[in-house]
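Its first residue numbered 1, the sequence shown is counted upward by one per residue in the working numbering.
It should be emphasised that the hints constitute simulated quantities derived from the structure, not laboratory data. Honestly, I wouldn't trust all of these hints.
Derived SDA-like pairs (lysine to any residue); straight-line CA-CA distance at most 25 Å [unchecked claim]: (1) K230 / L417; (2) K432 / D394; (3) K175 / G107; (4) K378 / E427; (5) K266 / A246; (6) K314 / D356; (7) K200 / L118; (8) K283 / Q313; (9) K230 / M428; (10) K293 / L245; (11) K22 / Q206; (12) K175 / E110; (13) K283 / I398; (14) K374 / R303; (15) K326 / S274; (16) K388 / G363; (17) K325 / L271; (18) K175 / L152; (19) K302 / S292; (20) K224 / E400; (21) K283 / Q268; (22) K329 / E364; (23) K378 / Q313; (24) K283 / A424.
Keep in mind the model is a prediction, meaning the values are calculated, not measured.
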Amino acid sequence: MIDKDKYLQEEKALVLQDFKNKLVWGVRVRYLILFMAIPLFFFANITDRSQVALSIALIVYLALYNVAADLFYRWQKDASSLVMLSLIAFLQIFDLLGVTIVIYLTGWLESPYWFLYLVLIIISGFGMFSQFSSVVFLIAFFSAVFYLGLLLSAYFGIIPIYGPAFSLPPPELLKSILNRSIFTIASFFLFASTIYYFSKLLNQNQQILTKKNRELLVALDELKSIDRMKDDFISTASHELRTPLAVIRENISLIEDKVVGEVTEKQQKLLAASRDSVDRLAKILDSLLDISKIEARDIRIKRQRIDIAALAQKAIEMLRSLADKKGIKLQSQMGRDITTEADADQILRVFINLIDNAIKFTGENGTITVGVEKGGAKILAWVQDNGKGISRNDLPLIFERFVRLDATDMIAKGAGLGLSICKAIVEMHGGKISVESRLGEGSKFWFSLPLIK
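Using the sequences plus the hints, can you model the full thing?
Okay, structure coming up:
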């Protein structure tokens, strides 16, 4: 039975792991930026000493901040709380501060790097805080505060101005600041709103998918329960019916042997037909039990070194009398020294089922060929007949349980279990089984097993 609580825990664990991966990604990206910034600083032509000092301070700030973030994450990497990890992720605000310093150093009002705020807004919406899409507005708010604070601090002389904008008259400078602030802050929240919408849409779709997965698990659980009930019923019914069938067959034998009185010729024919039906039903019950054992993995494979060709020949001899009754010619094409490790009884059963199936579907005076040969690292065995063949529509269903090729000929065709059992046995040995056929031209069933020299 599917443990729904366990599924929910695994789902939460996946979300946490995804969030942790994003945190690691953020730390690695900062290290990459740091290693790129150091050589760029040395090759840059910076003459102002205060700019040099501030640039060095920015690099040191980025290095210390990222090392601290890395250590803090390593300390909390086993945290199972999404809230705790979110607090770690809120260190992204320090990224906003770093971007603000870059803008200050590269021209202040004229700096082209204000778009880095937008990059961080995008990362927060689609990446870092995708589980909490509304956080994108918080990042946009801090971006606006830092950017506006930078512009006003320089305007009021709190910090020195770098860039051509310092030469503007105060009224023009204030006007430029207001225009740029309105445009930039509007861009921040426009981006934030767009990203929030799409992030929310993605989260809703994810929640719908999660709900559908849970419903599917419940349905799958119910189907498995029904399937187990069906298998239990088949197994129990098969066991319970074997004893009455044995009694019926014994009684038929007693009547045929005239133990209870004389039997007319007509009665003998009826008794023979009844005995055949009882035998057929007993075989069906045995097959049902085998199917139940196979599905429950209750069949033990007793592997031993066997000669596949010898097993095929043994199956031919066991069924030769049945073929002779229909005038069918049984012939073989056997290779030499073809051995493998397998359960001899089970592989013999595969050959018997395939040959018996071929006899049932081959008309009088037909021909059936049984072959075994080496095919690279595999053993190839086949049973080929020139019977009525199989239609293209029936081929995909041929190895399914309770499938008969011709439902009108139920006595000849059986219950449709033999080929299903063959498939299960071959696959339990690590092999494959298939069929090639055309309607009116006969069929060729083949299976492969690993070759062991």
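Here's how the hints hold up against the structure:
Proximity of K230 to L417 is assessed by CA-CA distance (about 16 Å); at most 25 Å being required, the pair is judged to hold. A hinted pair counts as satisfied when its Cα atoms are at most 25 Å apart, and K432 with D394 qualifies at roughly 19 Å. Only pairs whose Cα atoms come within 25 Å are accepted, and K175 paired with G107 is accepted, the gap being roughly 17 Å. The hinted pair formed by K378 and E427 meets the criterion: a straight-line CA distance of about 14 Å does not exceed 25 Å.
At most 25 Å may separate the alpha-carbon atoms for a hinted pair to count; K266 and A246 meet this at roughly 23 Å. With a C-alpha separation of about 13 Å, the suggested pair K314 and D356 falls inside the 25 Å cut-off, and the hint holds. Under the criterion of a C-alpha separation no larger than 25 Å, the hint pairing K200 with L118 is consistent with the structure, at around 18 Å. Of the supplied pair hints, the one linking K283 and Q313 holds, its CA atoms being roughly 23 Å apart against a limit of 25 Å.
A distance of roughly 23 Å separates the Cα atoms of K230 and M428; the hinted pair therefore holds under the 25 Å criterion. A C-alpha spacing of about 21 Å is found between K293 and L245, which places the hinted pair at or below 25 Å, so the restraint holds. Of the supplied pair hints, the one linking K22 and Q206 holds, its CA atoms being roughly 18 Å apart against a limit of 25 Å. The hinted pair formed by K175 and E110 meets the criterion: a straight-line CA distance of about 14 Å does not exceed 25 Å.
In summary, the hint linking K283 to I398 is supported, as the alpha carbons are separated by about 19 Å, within the 25 Å threshold. The straight-line distance between the Cα atoms of K374 and R303 is roughly 20 Å, inside the 25 Å bound, and the hint therefore holds. About 22 Å separates the Cα atoms of K326 and S274, which keeps this hinted pair within 25 Å; it holds. Between K388 and G363 the CA atoms are separated by roughly 8 Å; this keeps the pair inside 25 Å, and the hint holds.
Using a Cα cut-off of 25 Å, the hinted pair K325 and L271 holds, with the two alpha carbons roughly 21 Å apart. For the proposed pair K175 and L152, the alpha carbon gap of about 12 Å is at most 25 Å, so the pair holds. Of the supplied pair hints, the one linking K302 and S292 holds, its CA atoms being roughly 19 Å apart against a limit of 25 Å. Restraint check for K224 and E400: satisfied, since their Cα atoms lie roughly 18 Å apart, inside the 25 Å limit.
The hinted pair formed by K283 and Q268 meets the criterion: a straight-line CA distance of about 23 Å does not exceed 25 Å. A hinted pair counts as satisfied when its Cα atoms are at most 25 Å apart, and K329 with E364 qualifies at roughly 9 Å. A threshold of 25 Å between alpha carbons decides the hint, and for K378 with Q313 the separation of about 19 Å falls inside it, so the pair holds. Annotation: proposed proximity of K283 to A424 holds, straight-line Cα distance about 18 Å (limit 25 Å).
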